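**Q** Take a look at the letters that make up each chain.
There are 8 protein chains.
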Amino acid sequence: MRGELQVAVIMGSESDRETMEACIGQLEKLGIRSELTVSSAHRMPEATKAYIEEAQERGARVFIAGAGMSAALPGFVASVTAYPVIGVPLTSGMPSGVDALLSMVQMPPGIPVATVAIGRAGAKNAAVLAAEILAINDETIKKELKRLRDSWKNR
Amino acid sequence: MRGELQVAVIMGSESDRETMEACIGQLEKLGIRSELTVSSAHRMPEATKAYIEEAQERGARVFIAGAGMSAALPGFVASVTAYPVIGVPLTSGMPSGVDALLSMVQMPPGIPVATVAIGRAGAKNAAVLAAEILAINDETIKKELKRLRDSWKNR
Amino acid sequence: MRGELQVAVIMGSESDRETMEACIGQLEKLGIRSELTVSSAHRMPEATKAYIEEAQERGARVFIAGAGMSAALPGFVASVTAYPVIGVPLTSGMPSGVDALLSMVQMPPGIPVATVAIGRAGAKNAAVLAAEILAINDETIKKELKRLRDSWKNR
Amino acid sequence: MRGELQVAVIMGSESDRETMEACIGQLEKLGIRSELTVSSAHRMPEATKAYIEEAQERGARVFIAGAGMSAALPGFVASVTAYPVIGVPLTSGMPSGVDALLSMVQMPPGIPVATVAIGRAGAKNAAVLAAEILAINDETIKKELKRLRDSWKNR
Amino acid sequence: MRGELQVAVIMGSESDRETMEACIGQLEKLGIRSELTVSSAHRMPEATKAYIEEAQERGARVFIAGAGMSAALPGFVASVTAYPVIGVPLTSGMPSGVDALLSMVQMPPGIPVATVAIGRAGAKNAAVLAAEILAINDETIKKELKRLRDSWKNR
Amino acid sequence: MRGELQVAVIMGSESDRETMEACIGQLEKLGIRSELTVSSAHRMPEATKAYIEEAQERGARVFIAGAGMSAALPGFVASVTAYPVIGVPLTSGMPSGVDALLSMVQMPPGIPVATVAIGRAGAKNAAVLAAEILAINDETIKKELKRLRDSWKNR
Amino acid sequence: MRGELQVAVIMGSESDRETMEACIGQLEKLGIRSELTVSSAHRMPEATKAYIEEAQERGARVFIAGAGMSAALPGFVASVTAYPVIGVPLTSGMPSGVDALLSMVQMPPGIPVATVAIGRAGAKNAAVLAAEILAINDETIKKELKRLRDSWKNR
Amino acid sequence: MRGELQVAVIMGSESDRETMEACIGQLEKLGIRSELTVSSAHRMPEATKAYIEEAQERGARVFIAGAGMSAALPGFVASVTAYPVIGVPLTSGMPSGVDALLSMVQMPPGIPVATVAIGRAGAKNAAVLAAEILAINDETIKKELKRLRDSWKNR
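Chains as they are written, first to last, in the working numbering: chain L, 1 to 155; chain Z, 156 to 310; chain F, 311 to 465; chain S, 466 to 620; chain G, 621 to 775; chain U, 776 to 930; chain Y, 931 to 1085; chain C, 1086 to 1240.
FYI, nobody ran anything at the bench for these hints, they're computed from the structure. Model, not experiment: these values are computed from the prediction. A virtual CB, placed ideally from N, CA and C, is assigned to each residue, including glycine. Just so you know, not all the hints are guaranteed correct.
Stated by the list, open to error - If you want the footprint, here are the derived chain Y segments under chain L, 3+ residues with CB under 8 angstroms:
#1 967-974
#2 1004-1018
#3 1029-1040
Said to hold, decoys possible - Computed list of lysine-lysine pairs in DSBU-like fashion (alpha-carbon distance at most 30 angstroms, straight line):
#4 G:669 <-> F:463
#5 Y:1072 <-> Y:959
#6 Z:298 <-> L:153
#7 C:1134 <-> L:49
#8 F:339 <-> F:456
#9 U:928 <-> U:824
All chains should be modelled from the sequences, with the hints used to inform the complete structure.
**A** Spelled out as structure tokens, the structure:
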């Protein structure tokens, strides 16, 4: 897809790739231009910050960050950009992933993270949420979302 | 504030009013036109649906729903509208509110709820998240958010 | 089995079929006429509502709804019908299913969901609970329940 | 109210009285004849069993049992009678009451307990659930439930 | 081993046999006369009560009861006998078994259950605890326990 | 009460005194000679060990240890003596006390701790459990326990 | 106390001051030079980073960071400095503070946070842990720790 | 590696060896002299105490203790030595290991345990934390840590 970047998807570790690719796949189905990057907030804070700022300049208007365990990445992204940040809690820590969920959702005043479900289900729904946000001012994406919702009726 | 409605805030019960008014207060500080409505998804599904559709027509582009216990309201709103829905888990059920958080965040494919922190802190950050979403295409709100972030630096 | 429908069993997703068929199987053993339907409260609220109303007209006096994750389906059914609704929490969300259990059991005033155990064990006991409810005014089912209880004594 | 007993409400300890009286109050509002008894399954198993059998003979068709901590009472009642048993988990053990909820809901095959929400909210909804069960064959209670549901529309 | 029964081990379901046989095995290693019985407190309360009373008469001075889910069996045994009752929480309900642990340990005043660890580890330690109790007045068992403790020193 | 010590009650901290005195009170009611000592397994391991050995020599046949947070005291006592050790989890750590309960109950092979309920309720039942253990060979205590159980019937 | 800084104590919010002052108080008792600073990793990442680097230059060899909710501060500190970082989980989020504990302790490879107990107890023990770390090469602090441990023996 | 021992790694059970060897491996990579010992605080308190004191004399300045279930070992080590003790919670008890984590982290005043993540990830990071502690006064280890951190930048 040509054109500016619309959604930047970041994950903290290579091991999260399979789950977060479900997010990219869903974004593509909705006709949204995205890219997937590995960048650790703890190991490479400077590089991660630089990437966020550069993605913003290339057009990113929504960020999606997947992380497990201490799950600091989405909050880190939200501290750098004022564009909406969607957090996907992953189960790399506790089996239930509730640890990552609680870490992600409990942000300080003024720096929210829009948290979705744990794991693959959340990764896919993060894409739909990004689409809903962009659709407010994008008729093409709005039509894609309508098509998605209409498809349920024929089941 | 004159002009069309921008954010519709809904809560399931009168007893949630104090918490959700913190959300309205924060929206006002950011110069966003909003309104607060009580409507139960379980007791008045038809009336709630009608309100969501009418709020949409009056300009609402982001919905914020606060709910505790089974916390079905945000998911109900998301099943009616394709605009972004932000969920605020409340502690009317278990003392920790984790029950409402888990109910709210775990939505089926295609119907995400952007979940924020539990209780008053979440109610206020839901307003900031709504502002971030609207700011993508609204320079006035963008400036308000910048002012908020700049205020932290002077501390 | 001929005659009117007695118990309508609904599940939110195709993936819940295997578990909920254990419910249907137990209902059949107890001589109760039932049917199993997939219908999502979030994706197809209108169709789900229509099904509930039509099942009621066809004779359903007890509803059983199985759901995982946000587990809104039993509450949705209970908001449509005043006949007893039995909820079966499923483990499609957290491994323990406690998330679905808490979502299902914590209903607003006036709209209870009779919640049973998580997963397959709950699905089967939901059938027995439905039988106990119908047996209050049905001697045939009462005899079946007595036969079940008597079978334990011979072990 | 004259006539046979319809619903027998049992609690394990005097300290549960205030919560369970909310159940009796709701039953009365719905025009259902009920009575509240203290009887411990652990301390007085024989007397508890005798009471259940006698209540059955006096007309009880639904049993409601409230209990906290190990919360064995509803299961005990369900082992004695084949009429529907509704369990109300109380918070006399852990602050959240999830311990009582899990104990109550996880019954062995063939002996379900219809579990409702924790504490006072559950106690009141247990009454509504009992009404829904009896209303299947009782037009007077059916009308009371309809009146309750209609009252929500005028809010 | 000849002589009177010393420890009666009861479990609620056939499916608990493998775990509880580890208890019997440990009792045998410590030279204690025991037997393993399946008896459900919910399905066969009368038969279970009769067994407990008869085991007492045959010499049982400590009871060990293993149970999962609502885990009512140890409490049931403790309501029948005033001899010490050891409870072994099993994982037939939630994966962690904490549900059974909490149900078992939270007994009403005057009817304690001596609860040990969840699953196989608990089943074996229940045997050691029974041995410690009997050893207070039994020099042979006291020597066996000393032998067990001495064996650790040579590692 | 004259005669040898029968039950030694130990607690890890002065702040646990009020709860553990309920244990001493219950022991006295049952006619059992006991004493309450503060001794930290972490701060004074040598002194705690010496106390346990000396209490044993003075007649103690059952030990009761109350502890919160990491709750190592009961396990420490059980590593020193082969007489039965009853653990009372206290809520000095997490509000629910489940942390202390899990720490106490999960002992290594051969060193069980007979765990009872959390807090004051557990402290009192620990006394009853100690009485049940001693009653196996003590007719006076046996009679006291019978009197306790008989008192329930007259309620 | 004159001389270089030894331990830098940071907290994410003014509301954490009372708890973290217990840490400073304990450090002073052990004769360690410390200072307490408020700095939010999310709101002022650059200023927080600058403070950590400057504190390092002024002599800080151990960092203590207290934080609640998403509790990102200790991990942020650990990503900036390779000196030991001690994390104190606070209860500003969930009542139990387990959310902050899990967030703090689950760090990515190579960036550990030495986590202590939740709240005030942890804040004080963080000071003792810092003392233990510095005492490896500081005879004065070593003597203070010995004095502390000796004081327990006289109790 | 020649020279004095620097870090003593202890585990409570042979079954923890595989996890704790990851700790030894990481210590070796950082050029630190360490050894791995099995010693149970409950089964062999005297021998464990003797080992800690002897390891101290052979040069150990940091102790790492891995334990699951009641997880008393790190606290036991900390009660014997005033050198820093790092605790690694293992999952031999509950599947999540939160039980061991809570037991380990909640130490009494004056006896902290520096707790890291659960399982293998924690075992490796315990080694890095030990390195950070020793590096305060050891230029060689400081260089190794710098090399580790620099390696992240080239990714």
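**Q** Next step is simple, just say for each hint if it's right about the structure.
**A** So, going through the hints one by one against the coordinates:
no., hint, verdict
1, 967-974, "holds (count 4)"
2, 1004-1018, "holds (count 5)"
3, 1029-1040, "holds (count 9)"
4, G:669 <-> F:463, "holds, 14 angstroms"
5, Y:1072 <-> Y:959, "holds, 13 angstroms"
6, Z:298 <-> L:153, "violated, 41 angstroms"
7, C:1134 <-> L:49, "violated, 49 angstroms"
8, F:339 <-> F:456, "holds, 13 angstroms"
9, U:928 <-> U:824, "violated, 43 angstroms"
Hint violations for this structure: numbers 6, 7 and 9, all remaining hints satisfied.
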